[in-house]
Amino acid sequence: MSSDPHDLLAAYALDALDDDERERFEGHLADCEECTEQLAVLREPVAALAYAAEGPVPRNELRNRIIEGARAEPRAAVIKLPRRNWALGAVAGVAAAAAALAIGLGLWANSLSSSLDRERSANASYRQAAELLTGKATARPLVGAKGSLLVAQNGRAALVVCGLSGAPSAKTYEAWVISGKPPEPAGLFRGGDGCSPVLLTRPVPGNATVAVTLERAGGRAAPTLPILFRAEAT
Amino acid sequence: MSAAAQSPIAISVVGLRAPWNEVPMSREAPQRTDEELVEAVAQADEDALGQLYDRFGKVAYGLAYKILQDAALAEDAVQEAFLQIWRGAGSYRRERAKASTWLLTFVHRRAVDLVRREQARRTSPAVSEPQGSGPGADEAVVARSRREIVQDALRRLPAEQREPIELAYYAGLTQSELAERLDQPLGTIKSRMFTGLQRLRVLLAEAGYGSA
Chain G
40 MSSDPHDLLA AYALDALDDD ERERFEGHLA DCEECTEQLA VLREPVAALA
90 YAAEGPVPRN ELRNRIIEGA RAEPRAAVIK LPRRNWALGA VAGVAAAAAA
140 LAIGLGLWAN SLSSSLDRER SANASYRQAA ELLTGKATAR PLVGAKGSLL
190 VAQNGRAALV VCGLSGAPSA KTYEAWVISG KPPEPAGLFR GGDGCSPVLL
240 TRPVPGNATV AVTLERAGGR AAPTLPILFR AEAT
Chain D
371 MSAAAQSPIA ISVVGLRAPW NEVPMSREAP QRTDEELVEA VAQADEDALG
421 QLYDRFGKVA YGLAYKILQD AALAEDAVQE AFLQIWRGAG SYRRERAKAS
471 TWLLTFVHRR AVDLVRREQA RRTSPAVSEP QGSGPGADEA VVARSRREIV
521 QDALRRLPAE QREPIELAYY AGLTQSELAE RLDQPLGTIK SRMFTGLQRL
571 RVLLAEAGYG SA
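Going down the list, the sequences are from chains G and D. Basically this note's numbering = 1-based index in the first sequence + 39. Basically this note's numbering = 1-based index in the second sequence + 370.
Just so you know, not all the hints are guaranteed correct.
Which bits of chain D does chain G cover? Going by a derived footprint, with three or more residues having C-beta under 8 Å, they are [to be verified]:
hint : stretch
1    : 415-425
2    : 439-448
3    : 469-482
4    : 525-533
5    : 546-557
6    : 563-570
For the record, the hints were derived by calculation from the structure and aren't laboratory data. Because the structure is a prediction, the values reported are computed rather than measured. The beta carbon of each residue, even a glycine, is placed where N, CA and C say it ideally should be.
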């Protein structure tokens, strides 16, 4: 039972970790630039293995299923952020990009695996969020994660996020309100099992986008790219 | 960099055009690289998603089928992986990985998760016969040569390194299951996989893989 997470790089690259091991390793990966670099190197030969698989050819319908599935997703074009206005430059972006890729992979793997539990949990969370907002709220789908952005008429807003991996140690998720100015911080949260409501700490105007990034514990004054998921207020 | 981007496989999809294009895309239009396609998918470009499928759908399905040994499950795995790509393309960073690597990572993980859930693990990497309507002649040549390079490199690995890599990648075994199956300590399995992948990388580079 070795506990050095660096031992797990090859197994992780080969998807040979069980769910718990994978989650723990992804937590480590988010903080370990060296692992991220080594993983990128190992992933090349791993991906090459796909070409040696010699499976049959897919039916032509599969392409249509995929395109139709994509069309059915609530999906807006990615917003262009005023990157040069951000306090943090490209250096932070590279590290965060690696972390987000790892988390993104874990997140999506999780989000597809336990839809029933999540639905139950989502219903309870929506109720809680609605109570927090104390008023009629519109729900907007999240792009990049399961869940919704709820915005009340007075601009009070909450995120309900489902199936989000808990933030790695020394990290936090941070929400941002973006409306024609540099993004403004709107609250920190940790994610975790099921669905959880997060009340945003600042109002969300009708033209705004709410975005979530992964930041160091305690949060930051300006977001580190990339955006993990987001929603448009209208 | 990407072999797939420059291979004849990609050529068959030129001529699809996005509905918002005012000028029909000419057949001489420059091919978008795999990386450009993923970045276009991040902008909700359905046509780019279709082109990625045209480039990688066959290898993705072949891989998923090999792992799952079931056509319907393999289709599900590929579809779900491509939808993950559709949703997650915004997190792709070309300085971190080739688009093909990034994309196949989703496919593999989805297939492995499915096979574990189905509890239908294979006892050994299965060899399946190609079926269905095959690729065109040029595509087949490119696909075969790429496949042969990788298969040849795999054969050159010492068996003690090849076995855990194949059982993990094609059969979805976890490292603990590998240790049990191969009757070796977990630490040995870990280091053999690591050394094996490093060696495979060198062998592939020597064979010109990925630089075509």
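Here is how each hint holds up against the structure:
no.: 1; hint: 415-425; in the structure: holds (count 5)
no.: 2; hint: 439-448; in the structure: holds (count 4)
no.: 3; hint: 469-482; in the structure: holds (count 11)
no.: 4; hint: 525-533; in the structure: violated (count 0)
no.: 5; hint: 546-557; in the structure: holds (count 4)
no.: 6; hint: 563-570; in the structure: holds (count 6)
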